[in-house]
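*Asks:* Protein chains in written order, with the working numbering: chain C, 1 to 273; chain B, 1001 to 1273; chain Z, 2001 to 2273.
Please note that the accuracy of each hint is not assured.
The calculated SDA-like cross-link candidates involving lysine to any residue, where the alpha carbons are at most 25 angstroms apart (straight line), are [as the list claims (entries may be wrong)]:
id	chain 1	residue 1	chain 2	residue 2
1	B	LYS1003	Z	LYS2003
2	C	LYS78	C	ASN110
3	B	LYS1003	Z	SER2194
4	Z	LYS2003	C	ASN110
5	B	LYS1003	Z	LEU2242
6	C	LYS3	B	LYS1003
7	C	LYS78	C	GLN109
8	Z	LYS2003	C	GLN109
9	Z	LYS2003	C	LEU242
10	C	LYS3	B	SER1241
11	B	LYS1157	B	ASN1110
12	B	LYS1078	Z	ASN2066
These are calculated hints, taken from the structure and not from any lab test.
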Amino acid sequence: MWKEIFENVRNQTPLIHNITNYVTVNDCANILLACGASPIMADDETEVAEITSICSGLHINIGTLNRRTIASMISAGKQSNALNHPVVLDPVGAGASRLRTDTAMQLLQNIRFSVIRGNISEIKVLALGTGSTNGVDAGAADHITEYCLDETVAFAKEFAHKTGAVIAITGAIDIVADSQTAYCIRNGHPMMSSVTGTGCQLSSLTSAFVAANPEQVTTATAAAVCAMGYAGEIAYARLSSLDGNSTYRNYIIDAIYRMTPQMLEEGAKYEVR
Amino acid sequence: MWKEIFENVRNQTPLIHNITNYVTVNDCANILLACGASPIMADDETEVAEITSICSGLHINIGTLNRRTIASMISAGKQSNALNHPVVLDPVGAGASRLRTDTAMQLLQNIRFSVIRGNISEIKVLALGTGSTNGVDAGAADHITEYCLDETVAFAKEFAHKTGAVIAITGAIDIVADSQTAYCIRNGHPMMSSVTGTGCQLSSLTSAFVAANPEQVTTATAAAVCAMGYAGEIAYARLSSLDGNSTYRNYIIDAIYRMTPQMLEEGAKYEVR
Amino acid sequence: MWKEIFENVRNQTPLIHNITNYVTVNDCANILLACGASPIMADDETEVAEITSICSGLHINIGTLNRRTIASMISAGKQSNALNHPVVLDPVGAGASRLRTDTAMQLLQNIRFSVIRGNISEIKVLALGTGSTNGVDAGAADHITEYCLDETVAFAKEFAHKTGAVIAITGAIDIVADSQTAYCIRNGHPMMSSVTGTGCQLSSLTSAFVAANPEQVTTATAAAVCAMGYAGEIAYARLSSLDGNSTYRNYIIDAIYRMTPQMLEEGAKYEVR
């Protein structure tokens, strides 16, 4: 199944509009190219609705948020909704400041998201209005382990039901859930947390996977999460004893570039709960 | 001839002012350093005229355009014109939104450009006020092939005549033309289109080549285009079966860093039409 | 001594708030992760005081300065001062424009800095109100050599006395001085000047070292400068004849990632004057 989903990305080369932060934007562009999609970045309020209209998916990411671009996010999101394009939200750092929390809430009120992807702390802030966000990383009390997996799955399904969006919570174990079905994904490598922006890259990748598979949002999201984690495994296996997080960053994107749909089918490690 | 042009860059280490997008700006800076030039990025209206004055060339790139920086572009461009510094325009995504098309037109009206470099779709938008821009990549109907090469050369010469700028249209075959002479360049590799910002990087590189060779704008532009394409060939030859577009990005910049003027002289593949 | 300082960084994983330029911001984030710290980037005036409050250090960098973020820098700096968090200033390009010089001066008047790190031209502009800044690189007349080392050490100590900040002047020989003690550091490699943002990365790294060692600002800064230079040596030793400045960039960050406190202790080359 993962195979067909990835083939659709490679065959359709969806154009993805990204309104995202300036820290990891280059990696977001290169990972979109790596998976077979095409990126465009545009954040001025006067052009975002037009740009979104020529694309087939939109990725909104609130890292390095500023007041100028909030209106752009809402304008692009509404236009995408009007055109039935999928919209992916990455609520980077929600909970770390009132601006980020309020903006994430405002986006949820104004835009219908296909997917919301964040770490557990960020998603909890959106769902519960509280949580321990340690900057842009998950709070220590919030790590997803086997111990709390069922509880987190139930939480994700409930938030998916409430928002109508697929919820992707990424961490040591990743959860992708709609209101009925949850994928628990065990791809990835701990060293991925030493590379800035693997979460942002995954959100871009998810936008491409969902844009190319609009009728299967949950499975397309799960496939993107598996692909990213599997790329982290492939890239880790290549590292020499001198290589660190910067080379690892390159190798992760390289692994997406070289990954075939068949490889993803075989490399994906997940169970359904 | 290419050799002397590149030697001038290495010997003069021109300082290049870039007003460019936040997606590919780091690669633009590193490729300028790789070729022997020095980058400075500044986009606030209150400083751009001063910054441009201490530089020997200006690169204006409208990717991730926003209203704040349009005035900066015009201010820097006018100051560069007053000082007879070369100015290179990269009309990223012209045709994809009214903001980009209108801004490109406004820049053409207010600034005398030495070089305009884009894909065929972007250049057509500037020349004809129409064209099929698919985001930031050339539209499918617009690819330059042997079949339409003479026609595209004639178009480039005419637009060069009209604007007074050297026109660089990059694609599978690159064309660099003034009103009299066109270079058709066959360096490069298709995989370059899988790296974000190779076009932006080339525009930065062109600014350095032209700044160090102000009396030979056409040949300096052609030399930069050959150098970029040749770097793409050298970098491609290094790739292992695990390397993808991210490593390729690094190797292209590395290839510019290691390229000698003599290597460029021997590696450049072009004909004059 | 260097060993303990670096161990504190690895053990405490300080969260560092960066208000920095969009050219080198990704490398700043990755080098912070490489040393064991955690980055957050936020520059909107409405959130910077809050973000700084959850961090343990602040890095202010004026490359790609714009008027919107000056107020953010001052707000974050004042809040950090109030909380006794260390604040590091990188006055990129001070002297290249009135905006940059005036902003650097305004920051000095409003914020108490723990460390000011720049090239000699930038530091002279701050100290003397004059100097030959050639864009973002040190002016040719300003290179630190053995010949002028004692004089530069005296200058650094005096400026440290005046500002209360540790002064880090980086170049062929690096100087880290408070009013009493100066470290003259001979780590590094000339090729580091071919990588954009090694200075910015060092400023981020310094913020992490100082945040984890708030009682030893001078030695922590010297340790960060040694670490960066030593990483440049380790990375240079790995380069093949095809590798250039882009691969070198990755290897420098990799070297920080792989560097142990013990390695730093043994690799640091410095004398006290």
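*Asks:* Would you mind marking each hint as holding or not holding in the structure?
*Replies:* A quick look at each hint next to the structure:
no.	hint	verdict
1	LYS1003(B) - LYS2003(Z)	violated (49 angstroms)
2	LYS78(C) - ASN110(C)	holds (7 angstroms)
3	LYS1003(B) - SER2194(Z)	holds (22 angstroms)
4	LYS2003(Z) - ASN110(C)	violated (52 angstroms)
5	LYS1003(B) - LEU2242(Z)	holds (20 angstroms)
6	LYS3(C) - LYS1003(B)	violated (49 angstroms)
7	LYS78(C) - GLN109(C)	holds (11 angstroms)
8	LYS2003(Z) - GLN109(C)	violated (51 angstroms)
9	LYS2003(Z) - LEU242(C)	holds (20 angstroms)
10	LYS3(C) - SER1241(B)	holds (21 angstroms)
11	LYS1157(B) - ASN1110(B)	holds (21 angstroms)
12	LYS1078(B) - ASN2066(Z)	holds (20 angstroms)
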